[in-house]
Amino acid sequence: MKGEFSDDAKLKQELTNRGYTNLSRLGRRVLQAQHPSWGVVTIKYAQAVKHRHFLKQEAEFLYSNSNYNWPEYCDYFSNQQSDYLVLSHICGITLLQIQTEPSKSNNFPTNWITLLERSIHQVHKLGFVHGDIKPSNIVLTPQGQVHLIDFGSVIKNGTLRSELRFESYTPRYSTPSSVLGKFDDWFALAVILEEYFDQFDNKSSSKQSFQYISLPSRYHMLLRKCRS
Numbered sequence: 027m028k029g030e031f032s033d034d035a036k037l038k039q040e041l042t043n044r045g046y047t048n049l050s051r052l053g054r055r056v057l058q059a060q061h062p063s064w065g066v067v068t069i070k071y072a073q074a075v076k077h078r079h080f081l082k083q084e085a086e087f088l089y090s091n092s093n094y095n096w097p098e099y100c101d102y103f104s105n106q107q108s109d110y111l112v113l114s115h116i117c118g119i120t121l122l123q124i125q126t127e128p129s130k131s132n133n134f135p136t137n138w139i140t141l142l143e144r145s146i147h148q149v150h151k152l153g154f155v156h157g158d159i160k161p162s163n164i165v166l167t168p169q170g171q172v173h174l175i176d177f178g179s180v181i182k183n184g185t186l187r188s189e190l191r192f193e194s195y196t197p198r199y200s201t202p203s204s205v206l207g208k209f210d211d212w213f214a215l216a217v218i219l220e221e222y223f224d225q226f227d228n229k230s231s232s233k234q235s236f237q238y239i240s241l242p243s244r245y246h247m248l249l250r251k252c253r254s
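Just remember that our numbering sits 26 ahead of the position in the sequence shown, which is counted from 1.
Treat each hint with caution, since some may be false.
DEER-style ranges, computed between Cβ atoms [as the list claims (entries may be wrong)]:
| no. | residue 1 | residue 2 | range |
| --- | --- | --- | --- |
| 1 | 43 | 221 | 41 to 49 Å |
| 2 | 198 | 114 | 23 to 31 Å |
| 3 | 192 | 152 | 15 to 23 Å |
| 4 | 192 | 244 | 28 to 36 Å |
| 5 | 170 | 98 | 12 to 20 Å |
| 6 | 250 | 143 | 16 to 24 Å |
| 7 | 250 | 65 | 20 to 28 Å |
| 8 | 225 | 250 | 37 to 45 Å |
| 9 | 129 | 82 | 33 to 41 Å |
| 10 | 129 | 207 | 34 to 42 Å |
| 11 | 193 | 53 | 16 to 24 Å |
| 12 | 65 | 184 | 33 to 41 Å |
| 13 | 153 | 62 | 34 to 42 Å |
| 14 | 254 | 35 | 50 to 58 Å |
The hints are simulated quantities; they were obtained by calculation from the structure and are not laboratory data. Just so we're clear, the structure is a prediction, and the values are computed from it rather than from any experiment. Idealized CB from N, CA, C, for every residue including glycine.
Could you put the whole structure together from the sequences, leaning on the hints where they help?
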């Protein structure tokens with residue numbers, strides 16, 4: 027396994043000592059493993075100060091807000107200046123993967139936009155903003171569910187950007203506002219949907235399995251408001 031750690035053998039040994047087996051890499055600083063109590067889990071880890079900050083931020087949010095439509099907090103621990111966050115594993119496909127390979131959309135929910143909107147509303151009702159909604163952070167499952175993942179950028183609604191210790195966002199899906207609020211998440215979703223429908227504009231067979239065949243008018247209005 028290659029990643030942020032200079033010696034991956036130490037990483038594997040640390041997790042093995044804690045009962046994790048069947049380790050495999052999902053991405054940079056992200057692993058999948060099996061645990062005797064929690065089953066299949068996702069393990070995120072970090073060493074750099076900035077990455078540890080976001081990992082802790084995600085852990086605190088998920089620990090305090092369980093039983094929602096996002097990964098469940100399992101554990102958080104530190105060892106040798108490295109932090110680890112263990113989450114329930116969500117088996118599915120990201121919207122980014124669907125955009126790359128449209129054929130993979132055939133077995134997923136037709137009402138995914140409505141389900142995604144509900145997940146975003148859940149975050150907002152708790153008084154938070156997700157802060158980094160993008161295709162790779164949206165997971166659709168064969169069971170007909172839509173999940174938001176990666177809450178490292180989650181922040182209290184109304185937080186001044188100047189008050190942030192570190193920033194983590196994707197410029198393409200972000201507004202230049204000085205105050206982080208619900209609008210930022212909805213703008214991100216509007217851009218995602220605009221890209222999605224533009225991509226499949228001439229591919230009706232790829233769109234017919236979804237509830238909308240074009241960008242909903244409310245998102246047209248939102249984009250116009252921000253870009254005017």
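Outcome of the hint check:
1. 43 <-> 221: 41 to 49 Å: Check passed, 44 Å falls within 41 to 49 Å.
2. 198 <-> 114: 23 to 31 Å: Hint holds: Cβ distance 29 Å, inside 23 to 31 Å.
3. 192 <-> 152: 15 to 23 Å: holds (22 Å)
4. 192 <-> 244: 28 to 36 Å: Between residue 192 and residue 244, where Cβ atoms are some 32 Å apart, the hint holds.
5. 170 <-> 98: 12 to 20 Å: Hint holds: Cβ distance 19 Å, inside 12 to 20 Å.
6. 250 <-> 143: 16 to 24 Å: 19 Å Cβ-Cβ, so the 16 to 24 Å window holds.
7. 250 <-> 65: 20 to 28 Å: The hint (20 to 28 Å, Cβ to Cβ) is violated, given that residue 250 and residue 65 are roughly 46 Å apart.
8. 225 <-> 250: 37 to 45 Å: Because 20 Å falls outside the window, the suggested range is violated.
9. 129 <-> 82: 33 to 41 Å: holds (39 Å)
10. 129 <-> 207: 34 to 42 Å: Holds, at about 37 Å.
11. 193 <-> 53: 16 to 24 Å: holds (21 Å)
12. 65 <-> 184: 33 to 41 Å: holds (37 Å)
13. 153 <-> 62: 34 to 42 Å: holds (35 Å)
14. 254 <-> 35: 50 to 58 Å: For residue 35 against residue 254, whose Cβ atoms are near 55 Å apart, the range 50 to 58 Å holds.
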